[in-house]
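Colleague: Chain residues, written in single-letter form:
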Amino acid sequence: MSEMGTIKDMPANDMFVSGHGACPGCGMAVAVKNIMRILGADTTVYVPASCLVVISAMYPTSSFRTPFLFTAFENTGAVTTGIRAAQRRRGLRSTVVGLAGDGGTFDIGLQALSGAAERNEDILYVCLDNEGFMNTGIQRSGATPFGAWTTTTPVGKKVEGKREFKKDIMAIVAAHDPPYAASLSIAHYNDFIKKVEKAKSKQGFRFLHVLTPCVPGWRSDSSMTVEIARLAVETGMWTLYEVEDGNARTTYKPKAMLPVTDYLKLQGRFRHMEDADIAQLQEWLCAKWYLHYGDEIEQPVCAMLEKGKRMRYPHEEQLHFV
Amino acid sequence: MSVKVISGDHAVAYAAKLARTEVVPAFPITPQTLIVERLAEFINDGELDADFIPADSEHSAMSIAIGASAGGVRAFTATSSQGLALMHEMLYAVPQCRLPIVMANVNRSLGAAAGIWVEHNDSMAERDSGWLQVYVEDNQEALDATLMAFRLAEDRRVLLPVMVCLDGFILSHTVERVEVPGQEEVDRFLPRFEPCTVLDPAEPKLINPIVPPEYAMEMRYQLDRAVDRSREVIAEVDAGFGKAFGRSYGGLLDTYRLEDADFALLTLGTATGLARAAVDELRSEGKRAGLIKLRFMRPFPFQGLREKAEGLKALGVLDRSVSFNGGGPVYTEVAAALCNVPTIVTGHVAGIGGRDIAPDHMREMFALVERAARGERVRPVTWHGLRGEME
Numbered sequence: 000m001s002e003m004g005t006i007k008d009m010p011a012n013d014m015f016v017s018g019h020g021a022c023p024g025c026g027m028a029v030a031v032k033n034i035m036r037i038l039g040a041d042t043t044v045y046v047p048a049s050c051l052v053v054i055s056a057m058y059p060t061s062s063f064r065t066p067f068l069f070t071a072f073e074n075t076g077a078v079t080t081g082i083r084a085a086q087r088r089r090g091l092r093s094t095v096v097g098l099a100g101d102g103g104t105f106d107i108g109l110q111a112l113s114g115a116a117e118r119n120e121d122i123l124y125v126c127l128d129n130e131g132f133m134n135t136g137i138q139r140s141g142a143t144p145f146g147a148w149t150t151t152t153p154v155g156k157k158v159e160g161k162r163e164f165k166k167d168i169m170a171i172v173a174a175h176d177p178p179y180a181a182s183l184s185i186a187h188y189n190d191f192i193k194k195v196e197k198a199k200s201k202q203g204f205r206f207l208h209v210l211t212p213c214v215p216g217w218r219s220d221s222s223m224t225v226e227i228a229r230l231a232v233e234t235g236m237w238t239l240y241e242v243e244d245g246n247a248r249t250t251y252k253p254k255a256m257l258p259v260t261d262y263l264k265l266q267g268r269f270r271h272m273e274d275a276d277i278a279q280l281q282e283w284l285c286a287k288w289y290l291h292y293g294d295e296i297e298q299p300v301c302a303m304l305e306k307g308k309r310m311r312y313p314h315e316e317q318l319h320f321v
Numbered sequence: 000m001s002v003k004v005i006s007g008d009h010a011v012a013y014a015a016k017l018a019r020t021e022v023v024p025a026f027p028i029t030p031q032t033l034i035v036e037r038l039a040e041f042i043n044d045g046e047l048d049a050d051f052i053p054a055d056s057e058h059s060a061m062s063i064a065i066g067a068s069a070g071g072v073r074a075f076t077a078t079s080s081q082g083l084a085l086m087h088e089m090l091y092a093v094p095q096c097r098l099p100i101v102m103a104n105v106n107r108s109l110g111a112a113a114g115i116w117v118e119h120n121d122s123m124a125e126r127d128s129g130w131l132q133v134y135v136e137d138n139q140e141a142l143d144a145t146l147m148a149f150r151l152a153e154d155r156r157v158l159l160p161v162m163v164c165l166d167g168f169i170l171s172h173t174v175e176r177v178e179v180p181g182q183e184e185v186d187r188f189l190p191r192f193e194p195c196t197v198l199d200p201a202e203p204k205l206i207n208p209i210v211p212p213e214y215a216m217e218m219r220y221q222l223d224r225a226v227d228r229s230r231e232v233i234a235e236v237d238a239g240f241g242k243a244f245g246r247s248y249g250g251l252l253d254t255y256r257l258e259d260a261d262f263a264l265l266t267l268g269t270a271t272g273l274a275r276a277a278v279d280e281l282r283s284e285g286k287r288a289g290l291i292k293l294r295f296m297r298p299f300p301f302q303g304l305r306e307k308a309e310g311l312k313a314l315g316v317l318d319r320s321v322s323f324n325g326g327g328p329v330y331t332e333v334a335a336a337l338c339n340v341p342t343i344v345t346g347h348v349a350g351i352g353g354r355d356i357a358p359d360h361m362r363e364m365f366a367l368v369e370r371a372a373r374g375e376r377v378r379p380v381t382w383h384g385l386r387g388e389m390e
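First to last, the protein sequences are chains A and B.
According to numbering that gives the first Met the number 0, the first sequence is numbered sequentially starting from 0.
According to numbering that gives the first Met the number 0, the second sequence is numbered sequentially starting from 0.
Excised from the complex, chain B in its bound form:
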């Protein structure tokens, strides 16, 4: 183990290197580019034995990753925003082909009113693709989650791709203290990749033919079950990681001072750190506030959330993304998970287009959730940090 002061992007690059990634198809996009630049350096310095393939687009980068993974080697790539959107078509091929590709997505806003700053709409738009999605809070978690992603993706009970999502600039370009595990420790945690299905002329196999209606529905169902089953493996991998490296993250979700809480906020990504501070402040005022940190958007912890929400009068959900006219996608998902329990769920949209989420916004959110917990009527969805009033 060594301690380094590195950016979130470099933390991810170290993880991909320690995982002994064999093929790295890459295409530049801000704020992801530092990841593939660092990997190119590792490879050209002889520190990582891998093929760096400069693709002509993100669509081709994912296509190359598919070819490499179907060819039986560990493949890693990284992207952001428009790049992820360009990959969209290929993303859908990966889970159904059961290819354990790992990809980092550095969250950035998507489309017009264009910007390069953090927003979660890019990866949220891919939540129905069959990829598992984990969102991280800090640079250490970016490294750790990427390492765990390989182990999870390649587990024979899972065999699904994993997308590690980290907030653009807030993590990608900000340096923090990160413990970088040693190669031997990682080799013990993450064994050599043993592919399940390989394109090998010695044993010819057909991967992904055209599937008529007589069979396709069962294949989708198998995929649905595989995503669901990954929950247990996520818990196992998280526990195993804790044993090996002394850090674990709670699996699908984590909590902070939730035990006796009356009301809580659910966050994902870097907003969690600020929410922890807000909870501490409220607790010091004698208020029973708590926090749920959602880590995995897929598989979504329906059951875990119901268990954690027991005893909560109200739960606010912070979204750094918008499903226009419906609040954020995390809010609608949490509301669906808690539809048969008495907990009131409120939606909070903040940090859109890279707008800072300030401590004031966080206090505002908790104040609204507290009012909801007291039985007051509040808006189902509130935007925080808007200049001017909501309609």
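Looking at chain A on its own, in the form it has when it is part of the complex:
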């Protein structure tokens, strides 16, 4: 395996080219462009229903220079299985990659994802997580964070935003014991490159989970996409780690935890959040932080919380990588 290391080493040969219809500042387009650069020409792409299929494959044009297939929403794990089986039988060397959204992975596509992971299919599954069904107009998904406004978790007089916490898809995937699973941020490029390279080089089921800020869905400024992705990591809203053959490893640890409000204030989807909800989210984040990074070093932002009310991160004891 040739480790690329830095941005300078990135190949200039784009497989996902300009002319696509993504919004200015689209985090998903940034992620796809760079993933495709690293995967290179020997790649076959499956895209389920999502923003990506709409922006990249409107007949008679395509932004992908590789083979491409689309059929439906919930079957990324299944169609990629079939493609790989056929290409293996035909003796083709090709990375078969599924590029699915969070709705197509966490929710409607979870069954096919689980099937492919359980069978350890030789495919690369990428979840481009913009935390909602954005293509259909910003609806709540299992990936939407607590408190966030979406069109199906409106800010009403009685209920404000989403009341449930984000589903831990990485833990679900890790429970299948795949050869490789990693979380990525478009603000941490060296880490991003290494993980895509590693995923490309391995055999069997590989899963990459990328946080991809969404300008219209998150109600954010198009110039702030990468900064928001960075703050997600610094506040603990996003954690960079990998699970390789059963061993979990943190790949980037922030020096100190920034208050979640630093992340929330850049996004209109959280603007309505009251102090009580922010505190609840912060508590959840502290639990998650200590779980991932250990609780030897107390984070000041967590110490400010009411004592004795430490919230448990969901299913903490069951997490594969604990």
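Keep in mind the hints are simulated off the structure, nothing from the lab.
Because the structure is a prediction, the values reported are computed rather than measured.
Heads up, some of the hints might be wrong.
For lysine-lysine, the following DSS-like pairs were computed, each having C-alpha atoms within a straight-line distance of at most 27 Å [said to hold, decoys possible]:
#	chain 1	residue 1	chain 2	residue 2
1	A	K201	A	K7
2	A	K201	B	K204
3	B	K242	B	K3
4	B	K204	A	K199
5	A	K252	A	K7
6	A	K264	A	K157
7	A	K32	B	K204
8	A	K264	A	K156
9	B	K312	B	K286
Over 10 Å on every C-beta distance to chain B, these chain A residues come out as not near it, computed from the model [as the list claims (entries may be wrong)]:
#	residue
10	Q138
11	I171
12	H187
13	D220
14	E295
Quick reminder that beta carbons are idealized off the backbone N, C-alpha and C, glycines included.
Add chain B to chain A, keeping to what the hints say.
Modeller: Okay, now just chain B, sitting in the frame of chain A:
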């Protein structure tokens, strides 16, 4: 060639094996499961070089078949009833992507008042998907039609998926004498699969992008024409099969003692066998009864039916399915085909939910058609074998 005593499901499995199927995505459902179980045995015994992929659902099974077919290999799967319904979404992707997938559907009732017994509503509900559909009468035809399905589906003039429909339990779990062709004979009849469009990085192609209104209508029209054109290829393949194996089935439809008939019944599936016996009985009584065996529901033999119905005063249509409030789907289709000819068409619903179609029911149907042929008014649609009277 060897003679085996096997079930309809196993006959289909032998056909898929002889076709050298390369990818078999599978999900269990009664009464289909014997097919994929047998294929799993063939593969694990080294008799068939194929990937058996145990899918997490029928929806995923069809999705895997799509990926495999777009990846350039021969793909086969099988299902029934609820499984076919779960596949519904994916079924519609296959014809428009022009992927020659072959699937067996073991007909079984669908939905509530649930049962595992034969009814045709499952596959009839998919007749507008663009899949070609053939219904078989016995286990030999189940094997033969499956072999022919690959040749038909992969013909460059067709490139459409084919669904082979066989009656649950009546065929799927009942053993009959079946002639199983030898591998060499089949290899001569069915050459190696040469895919038309392949997902290959050496020659990147985009399959099934989003299609705006400027183009989609033409694509649907091309599909409509492809389904229509498949009629000629079905006739060719049937004739070629006859030459190679000594059995042919008439293509889209077959007839029995129809030449000088005044009235006839149209059947599909296993009811045909009983109808043949009823025709013989009526003929021995001096009555000019005949039979049309519908094989393909898609493409529907509009023209062939008009030709065969010429001279018939009345034609009864047996449906093992119901389009509620309208009789059965075969009846409405036949009535549409014969709307400009004098033949009177009557509908007959029987064998619903696995109810046996008894010889008495068959005689009742023919008696009604005969009365219609004499000019008597009869119900447009009659249910046969109901306990109690019709309203």
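Colleague: Which numbered hints does this structure break?
Modeller: Violated: none.
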